[in-house]
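Asks: For reference, the chains in residue letters:
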Amino acid sequence: METYDPAKTKNWYILGDSSTEGVHLIEQDVNFNTSMGGLLPEQSQESLSHIYHVLDVACGPGGWALELGQAHAHMQVTGIDISANMIEYANAQARASGLDNVSFKVGNITEPLDFSDASFDLVNARHIEEVIPVTAFPPLFQELFRITRRGGIIRITGSEWGVTNSFAYETLMRQLLRASRIAGLDFSADGRNIGIAPWLRRFLRDVGCVNIQERPSFLDFSAGALQQSGGYRDLTLAFELMQPFLVGVGVVAPQEFEELKQRLSVEMLEDSFRGIVYTLTAWGQKP
Amino acid sequence: MATSPFAEQRATTTRLFNFDLPFIKKTDQPLPEQADISPIHRVLDIASGSGEWAIATAQAYPHMQIVGIDNDAAMVESARAQAKARGVDNVHFTLMNPFQTLDMPDGSFDLVNARFITGFIPAEAWPQVLQEFLRVTRPGGCIRLTEGELPISSNPAFANIGGMISQALFTTGRSFSPEGRLLSSTPALERLLQDAGCQDTRQVVSITNFSAGMEAHADLSQDFSRTYRLVQPFLLKAGVTTQEEIEQLYQQMQGEIHSDDFGAVGFYLTVWGKKP
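Quick mapping for you: the protein sequence lines, in order, are chains A and B.
FYI, in my numbering the residues of the first sequence are 1 to 287.
FYI, in my numbering the residues of the second sequence are 1 to 276.
No incorrect hints appear here.
Here are some of the chain B residues that sit facing chain A, going by a computed Cβ distance under 8 Å:
| id | residue |
| --- | --- |
| 1 | P156 |
| 2 | A159 |
| 3 | F176 |
| 4 | P178 |
| 5 | R191 |
| 6 | V205 |
| 7 | I207 |
| 8 | N209 |
| 9 | S211 |
| 10 | V265 |
| 11 | F267 |
Just a sample of chain A residues kept apart from chain B, beta carbon distances all over 10 Å, derived:
| id | residue |
| --- | --- |
| 12 | H50 |
| 13 | V247 |
| 14 | P254 |
By construction, these hints were calculated from the structure, which means they are not laboratory data.
The beta-carbon is built from N, C-alpha and C at its ideal position, and this holds for glycine as well.
Please build the complete structure, drawing on both the sequences and the hints.
Replies: Here you go:
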């Protein structure tokens, strides 16, 4: 079985970085881009026309960056990710789609970033609470601030995963939150939520951003909802991939995990299944 | 049918959350998601409590007549006094149990509004209660529900009291959670409205950030200080804490919410649907 050892690998991907995780992240990109109402739904057309250089950190297989480059030919979009597998896939996608304004390279966001000061008009970070420890946030925001031009935008999106009426889902969430705490990925003050939401504005404020704003969104993956099938694929894959992490840090025995996973796929397909993921985006300007 | 977690305090309509009030205070828009408010004339506010929502709505929309119902006589009196003091005459408060058969004719209202009523009634009572809301709504009128999940906080005592409430509501059959982690009310709403017979249901999410330094902090920290004090007998009765533990946590929470590093965000969902 694979093991979870970020100290050795410098890779905090709690789901590993296999091609299956690639598939999961592509699914997640599509679901979140839809539920959030677009790629940069909070920016006006006027504001978009002044955005030329964009960086997406921890871009995974590149779904967001590729879509942005496709939608806005005037933008140069760069994605960085710690996983060479993800970057290889993302670059292949860019080539296959004939997008010469989108490129990807390997980069570790828990270390100083390999970009000059004031290189970007917009720097975007989505769901990085899943891939870097809490202690890596303040130095990362210093770096994001440094590479953003004056007047440019730093934008961060964090998700509180889901709230459901499924026993298996809620139990697995509790285990995930316990494991996250052990691994140092946990913002939660009480183990009931990921706990990222109150921190987004604070990270932006603490590095000196101004005009900070917030925008919530939600993804309804209840039975009969528009995003049920996407949510089902995304989440069953995520829990599948989570096994080495949860079992590895010792919050659940393999047999119990297997039973919960079976029960989850039954419960999520029942007509009575209800579930919503709440997400918050915060953005601010470098003065 | 309807005893509230707050019954012991006689504050039977103290709702868990008032996440929407700071936004209404700031924007004067109690129904921000409704594209056209001109056909809405008669509004029923369920468990109107001290009347904040009903009075704000009456003030924002002078063409409406708002009726607030509550089964706590002292609250009804206090809401009436508030309305009078503010010179608002298109709002009326009536003593009536909002979760039993309503003493009102069929089709009396264009909009029935129920905010943050999780905790007031058992989860299994919702379908019956919504049927009654629907009966007093006119065909083409609207039922509007707003519920929140626990506030997400970076401060442990505040977050832990929320967790106890969640656990106690689960234990007493008042939340939609299968095991008590969160309330799970928000994902339940749309289907409840559909099962009651509503059509064209829609959902919209909002947040209130009431961290230290935010505009909403003063009002909501005061609100939570009050609610989390009034809820203590319910928590003790449900067996999720001890007197000593809750007193200590509450003291710690008071320190947290007045500190510079207090961080808290409430997500809430408004769901509405039409009566065919």
